[in-house]
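With the hints as your guide, set chains B and C onto chain A.
Residue numbers (my numbering), protein chains in the order written: chain A, 17 to 412; chain B, 969 to 1280; chain C, 40 to 388.
Just a sample of chain C residues kept apart from chain B, beta carbon distances all over 10 angstroms, derived:
(1) Ile47
(2) Val135
(3) Phe337
Selected chain A positions facing chain C (in silico; Cβ < 8 angstroms):
(4) Ser121
(5) Ser132
(6) Ser143
Because the hints were derived from the structure by calculation, they are not lab data. Built from N, CA and C at the ideal position, the CB exists for glycine as well.
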Amino acid sequence: MVRKFALLLTGVLAALLVAGCPPPPATQNPSPPPGPGLSGTLVLGHFASLTGNTAMFGESTDKGVKLAAEEISSGNLKVTVHTLDDASQQQQVPLIVNRLISQYSVHALVGEVASSRSIAAAPIADSRQVPMVSPSSTNPDVTVDPRTGKTRPYVFRVCFTDPFQGAVIARFVREHLKLSRAALLVDAKNAYSVGLGKGFRDHFTRIGGTIVAEESYNEGDTDFRSQLTKIGGVKPEVLIVPGYYREAGLIVQQARNLGLGIPVVGGDGWDSPTLTNVGPQYFNDCYFSNHFSPEETRPGVREFVEAYRRKYGEAPNGLAALGYDAVKILADAARRAGSFDRKALRDALENTRGYPGVTGQISIDEQHNAVKSAVIVRVDTSSGATSFPLVTTIAP
Amino acid sequence: MQVFLQQLINGLHLGATYALIALGYTMVYGVLRLINFAHGDIFMLGAYAGLFAAVILGVTQSASWGAVFPVILMAMAICAVVGMAIERFAYRKLRTAPRLNALITAIGVSLFLEYGGQLPPMIRIDGFDFPFGAQTKTFPTGILPPTQITTGTGLSLSAVQVLTFVVTLVLMVGLNAIVRRTRIGVAMRAVSADREAAALMGIPTDRVILFTFALGSALAAAAGVLYALDKPTIDPLMGLYVGLKAFVAAVLGGIGSIPGAMLGGFVLGLTETFVAGYLASSWRDAIAFGILILILIVRPTGILGSSVREKV
Amino acid sequence: MRLVRRLIGGLILLAVLFAINGWGTAMQQAVNSRPDLQSIAFYRQFSIWWPVVLETGRWITLAVSLNLINGLAGQFSLGHAAFAAIGGYAAGAITVFLGPRLCGDATLAAPGAYPPGWNLLFAASLIAGGMVASAVGFLVGLPSLRLRGDYLAIVTLGMGEVVRVVIEHIEPVGGSLGFNGIPLITNFFWVYLVAIATILAVRNIAQSTHGRALLAIREDEVAAEAMGVPLTRYKVLAFVIGSFFAGMAGGLYAHFQGSIQPQAAGFIESIQIVVIVVLGGSGSITGSVLAAIALTLFPEILRSVRPELEQYRMVLYALLLIVLMLVRPQGIFGGRELSLRGLLARVKR
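Extracted from the complex, chain A is given alone in its bound form:
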């Protein structure tokens, strides 16, 4: 009995001793000194969906990210990128973001494409005070906390947001296709689709269109015939599918099979070469909005497209271009800040004005979003391969 008590007491004393040891005082600043030609290695953590339902998103973005890192590293400043896979699952995001911060000690985070996953990562970036730049998430809640209405201090994006993208799609449908009765088929399972659908709905009704049907599905579903049959019943003129490419492809196929020959329009979530894997014959009259087209004539685009082709043997899509811009902007911010300190990076990012990205001029506004133009592309399978020729550009 006494022995037990003694054992316990020793344990307690040991614990208190250990607790009393504070970590050593901060050693003098080992981060690289500020100077004109910044040298050293900028360590970035890229969290992306390399496998799973939206694997193409992660793959494409990572290609752009790695190309940018390579190009920058040919100079004085080196960029190392650690990419971790979240398997297209929201619940993996906190795990791998924390791992990137703890295990790899990244200076900044790049990710994600899917808004739901960026939203899951954003509070972690803020609480661990690591700047996060989302290349392609378009939902407003990524940079602005919907509960407080305040901009998240450490989260940024280099693309436009869904209220704008929804308006772009609405304008295209009204002004180019000249149609006014739209059916909306939204993916209720992800923030992107819900937000983009809302953006479309708000603007479309404002410019004189009507939403004649609104149905939903869940990401991962493969059977949309119930919803499409219901939609077909009210005879819409156009079908809007603001979802991801895997479901969008199946939706178009099943719609065509059910006799719905109307135009189908989507958002940047369609951007994948595997969109038409279900069969090229279904995709006549299909369009979607996007951030970037290799056919654009802005300065810098051609060099980027050629460099990308040389490294990967294919043309870059919008996601790759945005991944590229995200990394380049971070390097630019590091140069402007003169250090890799996370707070300094954050401040420099906030002050980005007129950065010439391949996806357009990027200026970060008070909500940490980029104000840019969008493009509308058409799905073209006539030549046997899938391509997305440019139809029009719509400015804010």
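Chains B and C in isolation, oriented as in the chain A frame:
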């Protein structure tokens, strides 16, 4: 009215898939009193086996009706072998063990197939990867001609839907014939009724059980190929929910009863389609599980099942 | 006299937990905010393994609480993760919606180091989460009365999936999009307080007359009923208590990740808990604890040594299940327990 008819077609199509898979669950439960959790993954393997068959036979772009049958048959054969292997190596030793242990093993086999399938490819034949990798693969719909049948009233039937109905009908008639008119069918029914007595009567129970697994797996494989022809993106986890719902269908119809599985499959398919079409599609998954819970509480033996007295 | 001793023991335990927590959280904060520490191996390893320590505690709670239902009462439940998810959502809802109003702004608080007001609210939210999970456990326990073995397993699986779909439709907590922005209040103290409470509670039940009743039900329901054991009461009791602790574990999880998704209630999550219980041995609390530690640490060690082996984790779990059932279905401990008294007695000899 047209919407209703179209939904009816959709529901029957979905029901056919569930029915084919449910048959496998019910037959195995009949002979072994085991819920073969891994059965839904046989369905998934069937889709991949179909892809493999199409690649090997070179018919991915053939656009002809004749090409699809060898693909289905080959997929059925491959999965029959896999099903038998699972019984032989995972379940056989557990026949006398408590049922829970067998259930846990079945769950283990299911997880093994699902996550094993997601491992990075080690062998690559003609573009077919094994293991399959976590990315979705596209099933070659080019095997079939892109026929679309549109009736005068605006109803639409795709070639795959017609094929599904035809194949399901043929397989069900065939299964019925096997179970009722052949010796092995009689043996299966005997083993279902009382395994020990059947053994005492000289029936080779091990072989009958193997045959049952082979048969059930073949049906699931056919369902897999038909499903993949219709919804061409396949991935190693596709069998999880479809399999669970087909299990619900089997219980709904009366587990252990073959006509029950067929009935349960169509009832579940129709219910799911109509609720998704007329109420809200986001409740789709909950419907199947809700039905399961309801049935097990209200009428555990299912629609066509018979109650078995438990002797103390 | 015994009460006083117990109280002192309890206070010492609290003090120890508090001390370790203080140290750990301070270390974590330091590593977070000072890049110069990140290059020192000790600090970097700490920031990798400290979260693993917290994860282990959570899995211990989940495994031991499931063991009460599966192992001691013999009611095979495949929906335990649903209870955890419910607890997580409920606890998160309380801290997210009531927190700012009752405890003020906390956007500057470091993870695990929130002001005392928040910690009090957190404790309340954990208990509330546990109670909501219990209520659902009660509802699940009721139909379990009529179902045996594998049917019960399938029904609990179905319940878990229904819970998932229901959560997807609750808009105020994010619906399908998941519940984000939950304050990161979980720390070592809370995790291990809950874990130890769970172990003590389940152990006390197991060693009491109630535990005997549960064992009787597990071994032979008909005989137990014939001997006058009220089946209804005990089966439901097992579910209610087991789900209470699972709910608290869920609350800890939600406040650790900062978010929780409906998929957390799904079958795949439940299976991971089942694997731990089966490995440790149904009915053995020690088994569950040790298996939880092993199955949390082992993948982490694997990942830090060879990251590419991560994708084999679930495959190995599956093989583990199959091999266990074939070779040693009673698990490592097989219903026996390790006790301190037993160990000391052996040492004395």
